[in-house]
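Peer 1: Whenever a hint applies, use it, and build me the whole structure from the sequences.
Take a look at the letters that make up each chain.
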Amino acid sequence: MSRKKKNSTNFLAYPFIIWSTLFIVIPLLIVLFFAFTVKNPNGSYMFSIENFNKLFKEEYMNVFKRSLWLAFLSTFWCLILGYPVAYFISKMKPSKGSIMILLFIVPMWMNFLLRTYAWMPILGKNGFINNILGYFNLGPYQFLYNDTAVILGMIYNFLPFMILPIYTVLTKMDTSLLNAASDLGANRFQVFKKIVLPLSMPGIISGITMVFMPAVSTFVISRLLGGGQYMLLGNLIEQQFTNVGDWNFGSAISVFMMIIILISMAIMSKFDSADSKEGGGQLW
Amino acid sequence: MKKIKQILALCSSFLLLSSSLAGCSSKGKENNGEQRVLNVFNYGDYIDEDLIEKFEKETGIKVIYDTYETNEIMYQKVKSNPGVYDILFPSDYMIEKMIKEDMLEKLDFNNIPNYQYIGDQYKNLVYDPNNEYSVPYMWGTIGIIYNADNIKDTIDSWNDLWNEKYSGDILMFDSIRDTLAISLARKGYSINSTNQKEIEEAANELIKQKPLVQAYIMDEVKEKMVNGEANFATVYSGDAIYIQQDAPDINFKYVVPKEGSNIWFDAMVIPKGAANKKEAEEFINFLSDPENAKQNVEYIGYSTPNVAAYELLDEEMQSNETAYPSEDILKKCEIYRDLGENIKLYDDAWLNVKMK
Amino acid sequence: MVKKLENFIKRFYLLLIFIFLYTPIISLMVFSFNESKTMGNWSGFTFKWYKELFNNSRIMEALFYTVLIALISSIIATIIGTLAAIGINKMKGSKKALLLNINYLPVLNPDIVTGISLMSLFIFIRPLINIDFGFITMLLAHITFDIPYVILAVLPKLRQLPDNVEEAALDLGATPSYTLRKIILPQIKPGIISGLLIAFTMSIDDFVISFFTTGPGVTNLSIEIYSMARRGIKPEINALSTLMFITVLCLLLIANRKEFISRGDKIEKN
Numbered sequence: 001m002s003r004k005k006k007n008s009t010n011f012l013a014y015p016f017i018i019w020s021t022l023f024i025v026i027p028l029l030i031v032l033f034f035a036f037t038v039k040n041p042n043g044s045y046m047f048s049i050e051n052f053n054k055l056f057k058e059e060y061m062n063v064f065k066r067s068l069w070l071a072f073l074s075t076f077w078c079l080i081l082g083y084p085v086a087y088f089i090s091k092m093k094p095s096k097g098s099i100m101i102l103l104f105i106v107p108m109w110m111n112f113l114l115r116t117y118a119w120m121p122i123l124g125k126n127g128f129i130n131n132i133l134g135y136f137n138l139g140p141y142q143f144l145y146n147d148t149a150v151i152l153g154m155i156y157n158f159l160p161f162m163i164l165p166i167y168t169v170l171t172k173m174d175t176s177l178l179n180a181a182s183d184l185g186a187n188r189f190q191v192f193k194k195i196v197l198p199l200s201m202p203g204i205i206s207g208i209t210m211v212f213m214p215a216v217s218t219f220v221i222s223r224l225l226g227g228g229q230y231m232l233l234g235n236l237i238e239q240q241f242t243n244v245g246d247w248n249f250g251s252a253i254s255v256f257m258m259i260i261i262l263i264s265m266a267i268m269s270k271f272d273s274a275d276s277k278e279g280g281g282q283l284w
Numbered sequence: 001m002k003k004i005k006q007i008l009a010l011c012s013s014f015l016l017l018s019s020s021l022a023g024c025s026s027k028g029k030e031n032n033g034e035q036r037v038l039n040v041f042n043y044g045d046y047i048d049e050d051l052i053e054k055f056e057k058e059t060g061i062k063v064i065y066d067t068y069e070t071n072e073i074m075y076q077k078v079k080s081n082p083g084v085y086d087i088l089f090p091s092d093y094m095i096e097k098m099i100k101e102d103m104l105e106k107l108d109f110n111n112i113p114n115y116q117y118i119g120d121q122y123k124n125l126v127y128d129p130n131n132e133y134s135v136p137y138m139w140g141t142i143g144i145i146y147n148a149d150n151i152k153d154t155i156d157s158w159n160d161l162w163n164e165k166y167s168g169d170i171l172m173f174d175s176i177r178d179t180l181a182i183s184l185a186r187k188g189y190s191i192n193s194t195n196q197k198e199i200e201e202a203a204n205e206l207i208k209q210k211p212l213v214q215a216y217i218m219d220e221v222k223e224k225m226v227n228g229e230a231n232f233a234t235v236y237s238g239d240a241i242y243i244q245q246d247a248p249d250i251n252f253k254y255v256v257p258k259e260g261s262n263i264w265f266d267a268m269v270i271p272k273g274a275a276n277k278k279e280a281e282e283f284i285n286f287l288s289d290p291e292n293a294k295q296n297v298e299y300i301g302y303s304t305p306n307v308a309a310y311e312l313l314d315e316e317m318q319s320n321e322t323a324y325p326s327e328d329i330l331k332k333c334e335i336y337r338d339l340g341e342n343i344k345l346y347d348d349a350w351l352n353v354k355m356k
Numbered sequence: 001m002v003k004k005l006e007n008f009i010k011r012f013y014l015l016l017i018f019i020f021l022y023t024p025i026i027s028l029m030v031f032s033f034n035e036s037k038t039m040g041n042w043s044g045f046t047f048k049w050y051k052e053l054f055n056n057s058r059i060m061e062a063l064f065y066t067v068l069i070a071l072i073s074s075i076i077a078t079i080i081g082t083l084a085a086i087g088i089n090k091m092k093g094s095k096k097a098l099l100l101n102i103n104y105l106p107v108l109n110p111d112i113v114t115g116i117s118l119m120s121l122f123i124f125i126r127p128l129i130n131i132d133f134g135f136i137t138m139l140l141a142h143i144t145f146d147i148p149y150v151i152l153a154v155l156p157k158l159r160q161l162p163d164n165v166e167e168a169a170l171d172l173g174a175t176p177s178y179t180l181r182k183i184i185l186p187q188i189k190p191g192i193i194s195g196l197l198i199a200f201t202m203s204i205d206d207f208v209i210s211f212f213t214t215g216p217g218v219t220n221l222s223i224e225i226y227s228m229a230r231r232g233i234k235p236e237i238n239a240l241s242t243l244m245f246i247t248v249l250c251l252l253l254i255a256n257r258k259e260f261i262s263r264g265d266k267i268e269k270n
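Protein chains in written order, with this note's numbering: chain A, 1 to 284; chain B, 1 to 356; chain C, 1 to 270.
Hints are computed from structural coordinates only; laboratory data are not their basis. Note that the Cβ used here is the ideal one computed from N, Cα and C, for glycine as well. Be a bit skeptical, because a hint or two may be false.
[To be verified] Covered, in the sense of this in silico footprint (three residues per stretch, anywhere, with C-beta under 8 Å from a C-beta of chain B), are these stretches of chain A:
(1) 69 to 82
(2) 117 to 127
(3) 241 to 249
Peer 2: Shown next, in the form of structure tokens:
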């Protein structure tokens with residue numbers, strides 16, 4: 001019986017396996033190659049861990065710390081703000097709910113650079129908000145160019161990616177479970193805490209993945225809304241590949257970042273429901 | 001049964017993959033004898049599109065026009081995959097780099113008779129000393145633009161950007177070379193310095209300036225100045241003209257500081273291995289025709305190296321000091337050199353400035 | 001009474017988030033009618049940018065490629081990704097962990113690393129398969145970074161399925177393909193659609209990866225817009241975004257109306 005189950009749908013993953021081998025694994029090997037080599041003056045490559053040595057200097061570690069911290073905060077707020085949205089929409093009638101969800105996605109189809117530019121006339125010192133505050137003799141406040149603005153920008157950019165997976169899990173949640181629980185005397189908070197929340201964990205994990213990972217490596221947001229005041233990982237890597245032309249160091253930074261993030265995800269997935277079928281072990 | 005299914009699955013995925021890889025021909029490769037083609041790679045919005053149509057009509061050559069955001073990513077793309085584009089519009093230091101790395105074709109100036117209209121002061125420049133590889137397209141300077149309605153003091157020095165009086169009111173470049181160049185020039189050093197001590201000193205000065213700076217920005221500077229978000233900004237002369245034209249009711253003044261600054265050139269080059277070299281040279285010639293150059297300059301708004309075109313411009317543009325500063329100002333401006341490996345010194349210094 | 005307050009809070013919260021998401025959209029829509037070229041500096045109402053937009057064949061061409069590539073890549077990615085998610089869900093242990101981590105890589109890497117490594121791949125592969133940069137390479141790149149998002153969207157729905165549904169169906173005599181089509185797929189449909197939407201969204205707005213994997217003559221909106229930034233983003237882009245937004249909004253409303261109409265018919269029949 002278990003043999004039947006194992007073989008029946010395994011092969012469905014083959015197209016993905018072939019695709020990912022070609023388009024994800026091989027490029028990864030290319031990146032690894034660059035990370036572990038240095039360029040000789042005559043253009044050839046030589047094995048070296050010099051790139052990683054350089055990476056462990058204090059300045060670069062600070063960049064890492066800052067990027068991870070900002071990404072963590074952004075993910076946290078996306079979760080706090082996004083979960084209620086997903087929850088409320090999932091309670092609506094399906095047709096209305098799907099329209100609402102689409103309304104959350106559609107802003108993301110406008111070009112990102114343009115949308116971020118569009119924040120400037122709103123948040124600027126002579127912007128819309130400050131003009132309104134001016135009527136009450138308040139301000140003008142500097143809303144841009146600080147950590148808050150960057151986090152706001154990240155939330156703005158990533159919130160729909162948190163909402164969507166949680167929403168899909170919350171819809172069609174087995175209501176008989178909820179009814180049984182309240183029949184047995186649980187109040188609404190207990191029902192939420194003990195049943196809804198754990199059951200929506202897969203959606204939450206997906207949401208966190210889709211927000212945290214890109215948040216660590218983003219750079220446009222910090223460049224535009226942070227006033228270029230500090231470097232994040234994304235800026236650093238982009239600079240190495242373009243301005244400095246040092247693909248080796250850039251690749252080394254990327255590889256190190258990959259390892260850190262995958263480890264963080266592995267730690268986090270331990271919080272995944274203990275009773276889930278195949279367990280949460282993503283890494284080991 | 002199961003084995004067959006697995007094999008089928010594997011086969012169909014292979015088929016899907018190979019069929020999507022096979023049989024592809026992108027537009028605009030070589031001419032197939034009939035239709036002449038030209039693959040252009042340029043900054044976005046850096047040409048009057050009407051000129052492209054005019055060129056196509058006059059010569060029958062089909063123009064495929066792609067755009068890039070910065071010199072650097074253009075370089076990465078062209079270096080990795082040469083021979084795709086026929087003409088590029090890099091900046092001075094990038095041209096020098098590409099010549100060093102043997103990435104450019106020498107131009108056949110017999111096909112570019114309009115080269116005669118380029119002013120002598122724009123020839124034999126340091127990045128292409130023998131005029132073999134490039135024809136200048138646009139040029140400009142770097143300087144300070146400030147709101148003269150709000151600022152009544154005389155502004156003529158980079159030091160003014162370090163003045164505590166203007167704290168929070170200053171926008172600086174977010175660019176390794178441009179920002180460090182300003183700090184180097186302020187201290188009297190060359191903007192192409194490879195002396196580690198000088199670079200470190202420049203970086204330290206920038207760190208000292210940091211509390212006064214509202215933000216380090218690039219392209220959005222135009223929006224910010226027009227909206228009155230700050231009174232001072234470091235800008236390219238072309239952007240200064242843009243700002244002045246877009247907010248004519250505000251008195252924006254542009255000044256190239258007395259310590260000296262950067263003068264930049266964007267020029268037309270043909271990368272090595274270009275399939276349509278002759279067509280590219282025709283295009284270069286076309287753009288250097290005085291009438292066409294004049295039309296282009298009027299659209300783009302930057303400064304032209306084409307003296308014949310300059311003569312055709314109206315008085316107002318000719319005497320615009322932002323676009324055409326005086327000789328003695330230009331004498332104090334340096335062109336960027338390719339720094340080669342020494343860019344890493346700048347890179348480290350810049351990281352220092354950002355992270356303190 | 002409490003119920004009413006609750007409903008009010010719910011609606012108010014959703015409204016706040018909506019305002020947050022849509023403020024810049026409204027802003028850029030408003031400035032598409034602005035006489036001045038810069039955003040924020042209102043100097044008069046005009047339609048001229050809309051006129052210029054329709055004369056600008058370059059932007060229209062970019063729009064065409066953007067939508068085309070986004071559609072094709074998201075559909076293919078959804079197919080591959082859904083099948084993959086189902087397959088991965090069945091796996092256990094280290095093989096599953098390995099696949100999942102490989103899957104994460106395009107999400108996790110900065111665009112420039114993915115872009116440059118894919119460009120290197122296509123060049124590297126030249127001796128075997130001579131592939132010119134252009135539509136196909138850009139499409140392949142888009143599919144590659146779309147698939148992980150699809151998998152991430154479908155997996156939670158799969159894990160929500162009761163363990164033994166498939167087994168039960170097989171025991172009752174259904175073939176595996178029947179089980180897949182009639183039982184599993186319908187149950188995870190929200191996840192599939194969600195994956196399709198996210199993949200489409202990622203494709204529509206991609207710049208760096210598209211830039212490095214495309215060829216002459218094939219461009220997309222993001223490339224055009226980012227390349228324009230140095231010179232100043234032309235308000236035609238604002239006009240275009242406004243039109244795109246209104247189009248999508250109308251489509252949504254029409255879809256919604258159809259729902260109401262068909263339900264109205266049902267009620268009438270009863």
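Peer 1: Which earlier hints turn out false for this structure, listed by number in ascending order?
Peer 2: 1
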